[in-house]
Amino acid sequence: MRPLGAVPTTTAVTLLDVSGNVIGQIGGEFANSIDLIKFQKLTPEEVDSLQGLPFTISGDEGEPDIRAIARLLPSGEGTVVISVALDSVEKTVAGLRGIFILISFIVLISIAIVARSLIKLTLKPLNQIEQTAAAIADGDLSARLPEINSKTEVGRLTGSLNTMLSRIEESFVIRTESENKLRRFVADASHELRTPLTAIRGFAELHRQGAVVGEDKTKELISRIEKESIRMSSLVEDLLLLARLDQSRELSFDPVDINHLVQEAVASAQAAGPNYEVTISSDNDEVFVLGDSMRIHQAIANLLANARTHTPTGTKIAVNISQNELETRISVSDNGPGLSEEDQKRVFERFFRADPSRVRVGGEGSGLGLAIVDAVMKAHGGSVEVNSRVGEGATFTIIFPQKDL
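At position 81 of the sequence shown (counting the first as 1) the number is 81 in my numbering, and the numbers step up by one without a gap.
Hints in this document: simulated from the structure, not taken from any laboratory.
Note that CB positions come from ideal geometry on N, CA and C, so glycine has one too.
Worth double-checking, as some hints may not be accurate.
Stated by the list, open to error - Simulated restraints on C-beta separations:
#	residue 1	residue 2	range
1	A134	E341	25 to 35 angstroms
2	Q263	K403	20 to 30 angstroms
3	T279	S160	55 to 65 angstroms
4	K120	L157	17 to 27 angstroms
Said to hold, decoys possible - Lysine to aspartate or glutamate pairs mimicking EDC-like chemistry, simulated, CA-CA at most 16 angstroms apart:
#	residue 1	residue 2
5	K378	E392
6	K316	E385
7	K181	D246
8	K91	D65
9	K403	D292
10	K181	D292
11	K378	E327
12	K316	E349
13	K403	E349
14	K91	E63
15	K345	E385
16	K378	E349
Assemble the whole structure, with the sequences as input and the hints as a guide.
Below is the structure:
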């Protein structure tokens, strides 16, 4: 038996004798490339030890490995070996290895890109938080973070930060408004106090220089000094009262008979301005509220004084009392010149004075009366409102929320 030539195959069949010598071989070019010396060790004993399992024969340099399986002939006088070249397998494995490496590289690049995108997307809210913090540091308290899904931790954090920023902005607005009001208050108070002090100083200077001659002139000068000192004392007392009311101090809450209190205030008002006609009407025989009777009396008296100050002599002033399950209302109405819409917005500000044409001769006030009314009502948890039209009079109403006595 001899090899067949020029047969394109990668499989060879080799026949060995009992000594492992090659008797014949079929397999064309592949068979011719096999080193037959490697088969000489395949004696019947060696083949029997392989137990019919396939084995690999290493190829020489540049030659492929060989995978083979050996079987003893039925006669026991030889061995047949079937062998296959592994070059195609190795090429396939090498190709698969290259493909695997390429795919692995592509997958890693894709994972890196996706991971970078996810990280960037995840950190975007944090970047926005940083930008918002920088804006706030520059003084922009209106900066807010965009709304994010509240079910996520970043979303909950964003919501909490926006709530905190809103409260901070509100606090700064309130603080700024308070500071501005305080500045205006100090400036107005200084101006109001300077006026009587300047008058007193001027009168005293006239007396010192001997410019006032005669007992009658001296009495008139002393009377003016006394009036200015009374005005200044009244102004200081009003300022102190406002300070105490702002701090909610010195208020005693007890059941107050509103009908009786209004009658007392009206009696005092008629004594101070006998030329004004003041009427009282009440929906109920008994009207009680829980509050400080002295401060409520002062609020009503201030409303009556305001009506006298800003209306001509002989004006009719009406006081109405009403009560229901929700609130108690005391209204003071007049048919005077009324208030413009702009004046109504500011009428309860401290030291505010409306158009001087509304002030009757000799009736200049300090500008604190209605501010005290507003402060008294806030201290009682109530409010004061004004309803007026120019030329049609004005109605001021103080409102007490109904409370258990």
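Review point. Which numbered hints does this structure break?
Key: Hints 1, 5, 6, 10, 12, 13 contradicted; others consistent.
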